[in-house]
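Sequences and hints are given; from them, build the entire structure.
Listed below, chain by chain, are the residues.
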Amino acid sequence: MAQAATAAVDEHGHTSTGVSNWKVGFWTFIASECLFFGTLISTYMVYKGRAVVGPYPDEIFDVLHTTISTTVLLFSSLAFVLALHAVQNARKKAGILWLFFVIAMGAVFLYMEGTSYLKYIDYGLTLGSSTFGSAYYVLTGTHKLHVILGIVWIGALIWLLFRDRIPPAKSEQVEIAGLYWHFVDIIWIVIFTLVYLIQ
Amino acid sequence: MSTIGLETPVGREAPAHHEEDTGVWSWITTVDHKRIAIMYFVAATFFFFIAGAKALVIRAQLMFPGQSLITPELYNQFFTMHGTTMIFLVAMPMAVAFFNYLIPLQIGARDVAFPRLNALAFWIFLFGGIYINSSFLFGAAPHASWVGYATLTSPEFSPGQNTNFWLIGLSILGIASIMGGVNFITTIINMRAPGMKLMRMPLFTWMTLVTSFLLITAVPVIGVALIFLGFDRLFGTVFFQPGGGGDPVLWQHLFWIFGHPEVYILVLPAFGVISDVIPTFSKKPLFGYPIVVYAGILIGFIGWGVWSHHMFTVGLGPIADSFFVAATMIIAIPTGVKIFNWLATMWGGSLKFTTAMLFCIGLLAVFTVGGLSGIMHASAPVNLQQHDSYFVVAHFHYVIVGAAMMGLWAGLYYWFPKVRGRFLDETLGKWHFWTTMVGFNLTFFPMHFAGLFGMPRRIYTYSAELNVDIYNQLSTVGAFIFGISSVIMVWNIVKSWRSGEPASANPWGAATLEWATPSPPHHYNFPRIPTVRSREPLWHKQEREEVLAVTMPEPEEEPVMPNPSYWPIVLAGAITLSWALVMTGVWWIIALGMLPVILAMFMWAFEPAFPEGHGH
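Here the protein sequences come in this chain order: R and E. Numbering of the first sequence is given in the working numbering, commencing with residue 1 and proceeding in unit increments. Numbering of the second sequence is given in the working numbering, commencing with residue 1001 and proceeding in unit increments.
Keep in mind the hints are simulated off the structure, nothing from the lab. Keep in mind the model is a prediction, meaning the values are calculated, not measured. Just so it is clear, CB atoms sit at the ideal spot from N, CA and C, and this is done for glycine as well. Some hints could be false.
As the list claims (entries may be wrong) - Some, not all, of what chain R presents toward chain E, calculated at C-beta under 8 Å:
{"hint": "1", "residue": "17"}
{"hint": "2", "residue": "25"}
{"hint": "3", "residue": "40"}
{"hint": "4", "residue": "43"}
{"hint": "5", "residue": "127"}
{"hint": "6", "residue": "128"}
{"hint": "7", "residue": "138"}
{"hint": "8", "residue": "140"}
{"hint": "9", "residue": "143"}
{"hint": "10", "residue": "146"}
Structure (structure tokens):
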């Protein structure tokens, strides 16, 4: 089936690079996202030290708390790898189960980060309190929005798997969502390092 | 090939979404790259007249010192929207119209990699363009110039919705640009016909590839800048608010990190066009093909490292300034190399001065003037004198109109016969060219002097003591001649679309693959995909015969093409609406506005892209 779809544009049924259009397109999109997050992170790096009023980064960040949430998010990537492996090998139930784990761990990450937000607001760090506050919330908020979108996407995949619409031959659908999820994770590792560890 | 025919479900009429479908609905739901291209062109031309009319009002206001034809506030809105519209709604989509029509044909593919995404990008562009222009209906058009410098855009100095229209409108258009970039990179990398190696691709395809990379890397940067600005205006952040510790210079950096690659986004497609047109009318292969390709790539790379030459007056320090002076001067080298390549292509060729060729030669002349004034203010000390003066206005019009638009008009005359199967009228074409040359130069050349004599840009009026009346009057007369030339162009298109002289498949005797199809091409482009063995497949007798034997005969069974779909236009409407709701600044309304987007995305995802039995 997938062969026939590409056949409409290429009678030999394969692409110039041998990699599917979806994968090339998605990698291109990720390249674009790198510049997007690159701009956000650079702005944060420039702005965090320019805050004229507190609270300042070293006063409020709880590295242990964020280390735990980061670890949870990292393990969700492992769960995704296992989910993809299951789908590729026609183990539908295992695939659904692992994807549920991914969503659950994503939700735990969001919950833990949400509680941090509330704590920082208590300390007086808001969107408008300082350049540090503006840059911090917009950077991490944008990342959280990516996590939320990933959860919605994975939810849709679970539904499709449940309805038997993703046989092993179409496992690329899961693989591409995985590219996205891993990318969002890697961006978080960069943010974790630059924002929380190097203050 | 035959296996595809066998898979066609029984009872489905083969030409169900054939090009003979001409109703409005068939255009709204089309995913055919050629139809999308035509819609891009028509929309861009429409916006061209809107933005051009504003320019004429500006010129009328500036014809005599001390006039007040329009209010200063409206004047600010007009020059802001003139620039914004010309760049984002005319020059870019006009180039994208050519990308759309030509890339699949030039590389031997039946459509772009993601046809529905392509339609989505078009509708988002159109709705975004309508949205940002609708601000005039509310009397709240953007008024802080196309570069929207902080703190002119701060809530303090720009209350009301004017700047919100601008930043939200540009964000919407940015989405379309990134989608287009992803689509064309994937198409060019992945969907070339057998034998179409990278170094055999037509130059227009090459420059589209470079431009697409610039799009996907530059647009996210302004996207973030616009997000910052939106948060500043609507949610109280302090990114660009000095009172809260923010730095207005950050906006300038982010804007120009996007803004300078943007210049090459505008210009490189035109370079691609003339690199295809000049060889055809010189009857010679492009001189130094690899050099032209590498020069284009190099321009793309260096174009990323010159942004601060827009900011010499900021005071970044001698080291930063020196770096950007050097980088800016270096970029003149690959550009100059290209100009010599085009000249060398013409040298000793048997030249044919069609309108398309005249526009190419016009580009070489006019763009060189713009390039030279560019090198002048690449030097920081000189730049300090010229910054924010009409000299700069003259310079960038020479570059953007002189290169981008002239190149695209060359492309218009060159490829129109392919699109319509009829020639554009050559007599009207010559009128178009000469009125453009006279009008354009008369408008913008005197601006060099006005600027050097001290006339600042973006100024409502000027005093008679400045002694720049004569230059302004020449410019105004030129602008109206330029306006007439555009009317001639549209009249030519309308007339020739209906009753132009019929054109054959390859009326100019060109070398590249798009001319190996009937004029106009089938909706599936190629019944079978040809194999390519050289850069000029139609100029080598044996290869031409092989290619044409594959591409010209009617197929027994038509190739299966993607389904038409109305979800692109629905999703584009939902995205535009959701962005427009950001203007309210109320969290729950914005969140609610996301729902139709998500719903439309799901409906889109679950709709089969191909007729039953052929899809993913």
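Going down the list of hints, with the structure as the test:
1. For residue 17/R, the suggested interface contact is upheld, since its CB lies about 6 Å from the closest CB of chain E, less than 8 Å.
2. At about 4 Å, the closest approach between the beta carbon of residue 25/R and any beta carbon in chain E falls short of 8 Å, and the interface hint on this residue holds.
3. Evaluation of the residue 40/R hint against chain E yields a held restraint, the C-beta minimum of about 6 Å falling below 8 Å.
4. A distance limit of 8 Å between C-beta atoms decides the matter here; for residue 43/R the minimum to chain E is near 7 Å, and the interface restraint holds.
5. Residue-level restraint check for residue 127/R holds (minimum Cβ-Cβ distance to chain E is 5 Å; threshold 8 Å).
6. Taking 8 Å as the C-beta cut-off, the interface hint given for residue 128/R holds, the closest approach to chain E being about 4 Å.
7. A least Cβ separation of about 6 Å between residue 138/R and chain E falls short of the 8 Å threshold, and the interface hint therefore holds.
8. A hinted interface residue such as residue 140/R counts as satisfied when its beta carbon comes closer than 8 Å to some beta carbon of chain E; here the least separation is about 13 Å, so the hint is violated.
9. The beta carbon of residue 143/R comes no nearer than 13 Å to any beta carbon in chain E, farther than 8 Å, and the hint placing it at the interface is violated.
10. Nearest Cβ of chain E to the Cβ of residue 146/R: about 13 Å, over the 8 Å cut. The hint is violated.
The structure fails hints 8, 9 and 10 (numbered hints given earlier, in ascending order).
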